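Turn these sequences into a full structure, and let the hints guide you.
In the order they appear, the protein sequences are chains G and W. Here UniProt numbering is used: position 330 in the first sequence is 330, and no number is missing along the way. Here UniProt numbering is used: position 152 in the second sequence is 152, and no number is missing along the way.
Treat the hints as calculated values from the structure; they're not laboratory data. Everything numeric in this text was worked out from a predicted model, so none of it was measured. Backbone N, C-alpha and C fix where the C-beta goes; we use that ideal spot for every residue, glycine too. Among these hints, one or two may not hold up.
Here are the computed distance ranges between Cβ atoms for each label pair [said to hold, decoys possible]:
{"no.": "1", "chain 1": "G", "residue 1": "E129", "chain 2": "W", "residue 2": "Y134", "range": "30 to 40 Å"}
{"no.": "2", "chain 1": "G", "residue 1": "Y118", "chain 2": "W", "residue 2": "T126", "range": "29 to 39 Å"}
{"no.": "3", "chain 1": "W", "residue 1": "F223", "chain 2": "G", "residue 2": "R53", "range": "31 to 41 Å"}
{"no.": "4", "chain 1": "G", "residue 1": "R53", "chain 2": "W", "residue 2": "T161", "range": "50 to 60 Å"}
{"no.": "5", "chain 1": "G", "residue 1": "V95", "chain 2": "W", "residue 2": "D8", "range": "13 to 23 Å"}
{"no.": "6", "chain 1": "W", "residue 1": "R117", "chain 2": "G", "residue 2": "P571", "range": "38 to 48 Å"}
{"no.": "7", "chain 1": "G", "residue 1": "L102", "chain 2": "W", "residue 2": "T126", "range": "26 to 36 Å"}
Calculated lysine-lysine pairs in the BS3-like style (CA-CA distance at most 30 Å, straight line) [to be verified]:
{"no.": "8", "chain 1": "G", "residue 1": "K353", "chain 2": "G", "residue 2": "K472"}
{"no.": "9", "chain 1": "G", "residue 1": "K152", "chain 2": "W", "residue 2": "K131"}
{"no.": "10", "chain 1": "W", "residue 1": "K131", "chain 2": "G", "residue 2": "K255"}
Here's the letter readout for the chains.
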Amino acid sequence: MATSTRPGAGRGSSGGKRPIGRVMAQVAMVMNLDKCIGCHTCSVTCKQTWTNRTGVEYVWFNNVETRPGQGYPRTYEDQEKWKGGWVRTSRGKLVPRAGGRLKKLATIFANPVMPSIYDYYEPWTYDYETLTNAPLGDDFPVSSPRSALTGKPMDISWSANWDDNLGGGPELAQQDPVVRKLEDKVKFSFEETFMFYLPRICEHCINPSCVASCPSGALYKRSEDGIVLVDQDRCRGWRMCVTGCPYKKMYFNHKTGKAEKCTFCYPRVEVGLPTVCSETCVGRLRYLGVILYDADRVGEAAAVEDEKDLYEAQLDVFLDPSDPDVQAAARRDGIPDRWVESAERSPVYALAKKFRVALPLHPEYRTMPMVWYVPPLSPVVDTLTTTGHDGEDADNLFGAIDTLRIPVEYLAELFTAGDPEPVRLVLRRLAAMRSYMRRINLGQEEDASIAEAVGMSGEDVYDMYRLLALAKYDERYVIPTAYGVDEADKGVIEEIGCSLDFEGGPGMGGMGTPGGGAPFGEASGQPVRATVEDFHTLRDRQTSDSHTDKRGRINLLNWDGNGRPSGLFPPRRRDRDTDNGGDGGGRPA
Amino acid sequence: MSDYSTIDMLLWGVVPYVVLAILISGLIWRWRYDRFGWTTRSSELYESRLLRIGSPLFHFGLLVVIVGHFIGLVIPESWTTGIGIPDTAYHITALSLGLVAGVCTLGGIALLIWRRRTTGPVFSATTRNDKLMYVVLVGAIVTGLGMTAYFAGVEVTGGHTQDYRFTVSPWFRSIWILQPDIAAMSQAHAAYQLHALVGMALFALFPFTRLIHAFTAPVGYLFRPYVVYRDRDRYSPGAGQAERAARRGW
Numbered sequence: 001m002a003t004s005t006r007p008g009a010g011r012g013s014s015g016g017k018r019p020i021g022r023v024m025a026q027v028a029m030v031m032n033l034d035k036c037i038g039c040h041t042c043s044v045t046c047k048q049t050w051t052n053r054t055g056v057e058y059v060w061f062n063n064v065e066t067r068p069g070q071g072y073p074r075t076y077e078d079q080e081k082w083k084g085g086w087v088r089t090s091r092g093k094l095v096p097r098a099g100g101r102l103k104k105l106a107t108i109f110a111n112p113v114m115p116s117i118y119d120y121y122e123p124w125t126y127d128y129e130t131l132t133n134a135p136l137g138d139d140f141p142v143s144s145p146r147s148a149l150t151g152k153p154m155d156i157s158w159s160a161n162w163d164d165n166l167g168g169g170p171e172l173a174q175q176d177p178v179v180r181k182l183e184d185k186v187k188f189s190f191e192e193t194f195m196f197y198l199p200r201i202c203e204h205c206i207n208p209s210c211v212a213s214c215p216s217g218a219l220y221k222r223s224e225d226g227i228v229l230v231d232q233d234r235c236r237g238w239r240m241c242v243t244g245c246p247y248k249k250m251y252f253n254h255k256t257g258k259a260e261k262c263t264f265c266y267p268r269v270e271v272g273l274p275t276v277c278s279e280t281c282v283g284r285l286r287y288l289g290v291i292l293y294d295a296d297r298v299g300e301a302a303a304v305e306d307e308k309d310l311y312e313a314q315l316d317v318f319l320d321p322s323d324p325d326v327q328a329a330a331r332r333d334g335i336p337d338r339w340v341e342s343a344e345r346s347p348v349y350a351l352a353k354k355f356r357v358a359l360p361l362h363p364e365y366r367t368m369p370m371v372w373y374v375p376p377l378s379p380v381v382d383t384l385t386t387t388g389h390d391g392e393d394a395d396n397l398f399g400a401i402d403t404l405r406i407p408v409e410y411l412a413e414l415f416t417a418g419d420p421e422p423v424r425l426v427l428r429r430l431a432a433m434r435s436y437m438r439r440i441n442l443g444q445e446e447d448a449s450i451a452e453a454v455g456m457s458g459e460d461v462y463d464m465y466r467l468l469a470l471a472k473y474d475e476r477y478v479i480p481t482a483y484g485v486d487e488a489d490k491g492v493i494e495e496i497g498c499s500l501d502f503e504g505g506p507g508m509g510g511m512g513t514p515g516g517g518a519p520f521g522e523a524s525g526q527p528v529r530a531t532v533e534d535f536h537t538l539r540d541r542q543t544s545d546s547h548t549d550k551r552g553r554i555n556l557l558n559w560d561g562n563g564r565p566s567g568l569f570p571p572r573r574r575d576r577d578t579d580n581g582g583d584g585g586g587r588p589a
Numbered sequence: 001m002s003d004y005s006t007i008d009m010l011l012w013g014v015v016p017y018v019v020l021a022i023l024i025s026g027l028i029w030r031w032r033y034d035r036f037g038w039t040t041r042s043s044e045l046y047e048s049r050l051l052r053i054g055s056p057l058f059h060f061g062l063l064v065v066i067v068g069h070f071i072g073l074v075i076p077e078s079w080t081t082g083i084g085i086p087d088t089a090y091h092i093t094a095l096s097l098g099l100v101a102g103v104c105t106l107g108g109i110a111l112l113i114w115r116r117r118t119t120g121p122v123f124s125a126t127t128r129n130d131k132l133m134y135v136v137l138v139g140a141i142v143t144g145l146g147m148t149a150y151f152a153g154v155e156v157t158g159g160h161t162q163d164y165r166f167t168v169s170p171w172f173r174s175i176w177i178l179q180p181d182i183a184a185m186s187q188a189h190a191a192y193q194l195h196a197l198v199g200m201a202l203f204a205l206f207p208f209t210r211l212i213h214a215f216t217a218p219v220g221y222l223f224r225p226y227v228v229y230r231d232r233d234r235y236s237p238g239a240g241q242a243e244r245a246a247r248r249g250w
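In structure tokens:
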């Protein structure tokens, strides 16, 4: 529970090799956008798991956007308007764009730049009762939409993915803040239109501006695995985090009055399972793994002067887990060996730093996001093939990258603060991989020059291909179990036990307190039997000599509460004597 | 026993301690059992245009009002005259500043209540608890402001009003040394007495309403590093359980 500060950022940089600062570990994610088919399975399963409650009807911890498009909430990327993330002051310091501590407190009575529910969408349900209650008439009854906020009839005009697949259309795409930045570089004539999907969750940033914005100190980054969480008991609903997060992945639960956010499914991750969005991803496009980073360099890296250097700066903060010096430093800083071993196998590290094909989303917000993306390449092969060229020939592919349907500039605005070079390199590497692997698949001679043309070895290309195309569950999700559970070894969880199995707890037959019952609330007093039938059937079974007839019983869980169905009460004594075949089953009570 | 009635004794000698007991035990109860419910329950998500005017107007007005109450009730008259502030100057400042702050507070809350009634989602999110709280809160503001306006009017027209610093203030201070000066308060103008009673009702309600958020004003934010790190909550089976059974936080 101890809160601690990040060890002093911004020590003098001294070129060359500098000592490794405090090593911290983070479970991070990479999504391969080439594989996303926009099915929203991740969104739906996430919602079912985390936000299927009142107060968060409008909340999608995971959402899938069609790009170009406005996103969810609408135009959230326009930081001139929404004031998310950090800005670098002229003196090289970082302050939240919405203002520092004093300004936050001065505006605490009404947050000046908080999106309203209508910037997300007004949640609704349907008046299903009409379907059964409507009086007989000529028209077929229809259940019309009702606002989940007021219960009044409403017109549905927007939702979290209302522009699904329409993103590239001229009406909606023009409102995309990224498109507005690029102005004429992106064309939306029908022939040139393009779109791709962008699934988004909380970025679990290394330099989280939501955490920095929280006046109560309820938001925190877990020091063991880097997951950013809200302490629901400490949150007071000041709503500054909603403004602070540039990705607008902090949500206000309007029923409880507390902030909520993507949890990175920490209860699953702690026991080594992937997040629900990853687990259920149909395209298997998500990768989870540990990144080790140098916490002492974070402040410096997030404050580099040129926004375009932020991508490289963040890569520099990541440490190579196979470097013995890093391993020693990690051990020094209390990271267990199995985490370091896991980091060595991390697909996230491989895609982000080793192969350099994953890029951060909007590094210019200076939050150092930890959910990275492999930018999409797909349409290129078909496009080339239709022009009569060999769509998988390396030279053709390389030449086509700048004329891709999805403009490199657009991707660069998303992933590299507008610098097209890193995006170009990624796309060239992905293209090289196709070309290189095709030769192998066709039984032709391996052509190492293809790999060399993009600065890789043939072996690297093959490894990258394995990871992107074949990787099985265990290779995509490399998650060590949580540590710090047991102080003695900081080691493995011996057994994933039920947390209710403490002495006297419900799992051990108790009711949670040593006295056998809590003084107040639901669990107070004697345990209540689930159903009435239990009591009678139990007595019958224990006191009768014959087999108790189970027919005619009613399951109270299915009972609608109307009438007195047979079997609700035990038969009257006289009836029962005959019911039980008269062999002495019904002993007088 | 002769200079005040039994009613006075109950109102100014017993009720304050009952209110204090409710306030303190209520706060402890809330902290121990309902930290999850300890929030502003903001409705800004539903409506922000009016809130951005009404809420700062109300809250900043209220802050000035609180400072005014503190000066008037806690600092004895002898101290202010001691440092050379003439009585008239003191009263003119107090009344005019109090009037301005009071009008801001009342205007702010009037706007907020109007917003609450007319904005559909905000109105549906209003509980009975909120409504009761609003009645008492507005009652306290109206009695206080009305009293200030009335006394200011009397003073301006050359009349003379009772100085609360010889009736209400001594009583207020005496509460804290457990020797309530009931006689002083029983001499106070009925308007002061009414305002004090509504005020006490408000304090008794405090821990059980959304007003509770005032007790966790995030002053610590000014002195904290921006990014907060926390270790994973450790759970050791069988060992020291929390007083309250650990609940899920959502």
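These are the hints, each one checked on the structure:
1. G:E129 with W:Y134: 30 to 40 Å: holds (33 Å)
2. G:Y118 with W:T126: 29 to 39 Å: Violated, at about 20 Å.
3. W:F223 with G:R53: 31 to 41 Å: holds (35 Å)
4. G:R53 with W:T161: 50 to 60 Å: Check passed, 56 Å falls within 50 to 60 Å.
5. G:V95 with W:D8: 13 to 23 Å: violated (57 Å)
6. W:R117 with G:P571: 38 to 48 Å: With a Cβ separation near 57 Å, W:R117 and G:P571 fall outside 38 to 48 Å, so the hint is violated.
7. G:L102 with W:T126: 26 to 36 Å: Between G:L102 and W:T126, where Cβ atoms are some 32 Å apart, the hint holds.
8. G:K353 with G:K472: holds (21 Å)
9. G:K152 with W:K131: holds (22 Å)
10. W:K131 with G:K255: Holds - the C-alpha atoms of G:K255 and W:K131 are around 17 Å apart, at most 30 Å.
Violation of the numbered hints given earlier is confined to hints 2, 5, 6; the remaining hints are satisfied by the structure.
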